[in-house]
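Undergrad: If you're matching them up, the sequences are chains A and B in order.
Letter by letter, the first sequence follows residues 1 to 213 in this note's numbering.
Letter by letter, the second sequence follows residues 214 to 426 in this note's numbering.
List of simulated lysine to any residue pairs, SDA-like, C-alpha gap at most 20 Å:
| # | chain 1 | residue 1 | chain 2 | residue 2 |
| --- | --- | --- | --- | --- |
| 1 | B | 312 | A | 126 |
| 2 | B | 312 | A | 127 |
| 3 | A | 99 | A | 29 |
| 4 | B | 312 | B | 404 |
| 5 | A | 99 | A | 187 |
| 6 | B | 312 | B | 301 |
| 7 | B | 312 | B | 405 |
| 8 | A | 99 | B | 339 |
| 9 | A | 99 | B | 335 |
| 10 | A | 99 | A | 185 |
| 11 | A | 99 | A | 197 |
| 12 | B | 312 | B | 239 |
| 13 | B | 312 | B | 409 |
| 14 | B | 312 | A | 122 |
| 15 | A | 99 | A | 201 |
| 16 | A | 99 | B | 340 |
| 17 | B | 312 | B | 288 |
| 18 | A | 99 | A | 82 |
It is worth saying that the hints were derived from the structure and are not from the lab.
A quick note: this is a predicted structure, and the numbers were derived from the prediction, not measured.
2 protein chains.
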Amino acid sequence: MTAGRPQPFDEAERTAVYRVIAERRDMRHFAGGAVDAAVLRRLLEAANMAPSVGLMVPWRFVRVVSPETRAAVAELVDAEREVTAGALDERGAEFLRLKVEGVRDCAELIVVSITGDRDRHVFGRRTMPHMDLASVACAIQNLWLAARAEDLGMGWVSLFEPAELASLLDLPDGDEPVAVLCLGPVERFYDRPMLVEQRWAEPRPLDELVSER
Amino acid sequence: MTAGRPQPFDEAERTAVYRVIAERRDMRHFAGGAVDAAVLRRLLEAANMAPSVGLMVPWRFVRVVSPETRAAVAELVDAEREVTAGALDERGAEFLRLKVEGVRDCAELIVVSITGDRDRHVFGRRTMPHMDLASVACAIQNLWLAARAEDLGMGWVSLFEPAELASLLDLPDGDEPVAVLCLGPVERFYDRPMLVEQRWAEPRPLDELVSER
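Chain A on its own, in the form it takes in the complex (with noise of 0.2 Å):
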């Protein structure tokens, strides 16, 4: 065994890391209860082990305490889920009956933004300059196992208009919101995601996405 080259994963670690995978779920039911400080500082570092284009680090995240202002970021969702379910024509009304986010029920609330600093990365941002998102999403993920990995459940809500939650969290010029997270304890996991659940949407096999050239 020489330094750089760790043990590998035995079939045991492995079969935890396929586990974890197989059991996140994108949650919108939470059981209040709070986040030990210390387990969301682990979640957090998490994130922040994520790749990130260039090495830019893109992602910042805001922990809204406050209730006011979490009673605003749930108006907030609550008016873009209206205006969601009139765009969505004939499954509107479908799309009311679903449960969609869990703003004002979970445990934590944590906002992710991209930097506005980010105009000065070009490593691998030339001609995708989208590639920061992409960054703070693998980030999101990370921290969405950990928190499996904890018994916490997470989801990530994306119903908002980022203008008006940059403004209402007072965000440094630039920053771009695209994550609302909630956070905390739940009941209980889906067995399959609650979209499929609810018969919104079916799963895709494997063998649909994948061609070879």
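Given the coordinates of chain A, assemble chain B onto it according to the supplied hints.
TA: Same frame as chain A, but now just chain B:
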């Protein structure tokens, strides 16, 4: 234990999840070889378990199996590397000394695209249509972590003109490639992110990235 409430992750499982998050690296050095077909299938299944906004499943994978096609992809990446170096001004020469991709050396080359049918999907995307990319990035992060657990390295290359790559691979109309994934056996995993080892960038401590409102 009731249905829907699986056993929580035990400490060994949780440790394995944090380990894979901490030891995943963006790899550019590969050792040739091959990826077992059953392993590749597991990795792609892991990717396909990612969350997606409104369950739209916007990802598609193209496995590049033709040596000629791989060589053409490598040339596209080489060309963009030169243009990026020019756009980096005073850091251009430093950039050109970095190894930024392993397209020719990796065992498997996989191109990931966002699908062209995305404009049908409004749920969670009315104000933020780029959430489809966020979902694709979550799928890639799943694949990355699963690969690390399988002792395989992976690198995400974003140095290419998407329209040129789409044309080269004859992707369906509207599909937008966002990643060239280099996957395969490696001699070693970097102890720290390669761009940190090479002093291109510094990691940012979490305290700089978290605030409260």
